[in-house]
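Undergrad: Top line first, the protein sequences correspond to chains G and F. Quick note on my numbering: the first sequence kicks off at 1 and runs consecutively. Quick note on my numbering: the second sequence kicks off at 1001 and runs consecutively.
Watch out, some of these pointers could steer you wrong.
What the hints assert, rightly or not - Among the chain G residues that face chain F by a calculated CB cut under 7 Å, a handful are: (1) S33; (2) A36; (3) G39; (4) L65; (5) P73; (6) L104; (7) Q107; (8) V111; (9) V120; (10) L121; (11) L124.
If you're looking for bench data, these hints aren't it; they were derived computationally from the structure. For clarity, every value in this text was computed on a predicted model and none was experimentally measured. By construction, the Cβ of each residue, glycine as well, lies at the ideal position given by its N, Cα and C atoms.
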Amino acid sequence: MTTNDGHGDRWFDREAGPVVRPYAVTKGRTLPSGGASFGLIDVVIATNERPSAPFRPGPEHRQILNLCRRPTPIVDLTSEIDLPLGVVRVLLGDLTSEGMLRVLSTQKQPVTDQRLLRMVLDGLESL
Amino acid sequence: MDLNHFDAASAGGTVPSTAKILISGGFGVGKTTLVGAISEIRPLRTEEPLSDRSVGVDDTRGVGAKTTTTVAMDFGRISFPSDLVLYLFGTPGQERFWFMWDDLAIGAVGAVVLADTRRVADCFASIDYFERNGMPFVIAVNCFDSAPRFEPDDIRIALSLPPEVPIVLCDARERDSVKKVLVSLVRYVMNNNSRRNQISIA
């Protein structure tokens, strides 16, 4: 935040950036627990399971669960909540290891699923 | 794709099929424009003003009035009635963001390498990356108004590309033109796959 009075270049609200630094939300962790990896277009869903006793979901965890009541691609989730992808991945790792969230589909490399490719082709051609 | 349908119905929603295509190419070649031309959402992006600090880093010669560049994730989305969602991810234009490429590339159908005939060498890095990683790609030559026109065969020689890689002339601002580019990529990937299957059967 700049405090350059009289020059009109002070930052307010969102402009001023987050009140809490992004990785404070993950308590400094930069990688998901248990070596989980989450692809950008993997689809996740909340399971409505209760967490085990020691795990206390934070507001950001609850926000993710709220957004994932329907099957949701991770990239859409990330663009909905105002947190960096790396932070979202750590939080997703917490939720999946508690069984509160599950991954419904993941992408592999290379894409050889001709049915999926046909869907993409048909979709594009119908635009 | 590995679909697990068991709790989708109880959640009151079908599991969307998701696919992604990478949009790559040199700095200022029109990646964000291309994504914006066909996406149903405004591309999520952070265009940072180019400052004098980036002189020597961001070479804007021949790019005219470009004063911003994409520094964060740049993506667009097209949803189809078949519950398919296709995402387009622009790769970061500057080499200092190369660490993001592997993440973007995992599970991608293929890539579009946008080229500008005024600065052909700018797309070498993208081509190298996709060749090294076995990612199928097509070249889309963005026909800027002021840029010289070349035949696809001349471009193929300039980029030393094998004969099977498709080269498409396009206008990244035009939705129909972008659609043709994406269709040619998906056809190319499907042909590659069926050729590979035939070889493995034979």
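Undergrad: All the hints need checking, so say for each whether the structure fits it.
TA: Hints and how they fare:
no.	hint	in the structure
1	S33	violated (19 Å)
2	A36	violated (14 Å)
3	G39	holds (5 Å)
4	L65	violated (12 Å)
5	P73	holds (5 Å)
6	L104	holds (5 Å)
7	Q107	holds (3 Å)
8	V111	holds (5 Å)
9	V120	holds (5 Å)
10	L121	holds (5 Å)
11	L124	holds (5 Å)
The structure does not agree with the numbered hints 1, 2, 4 stated previously, though it agrees with the rest.
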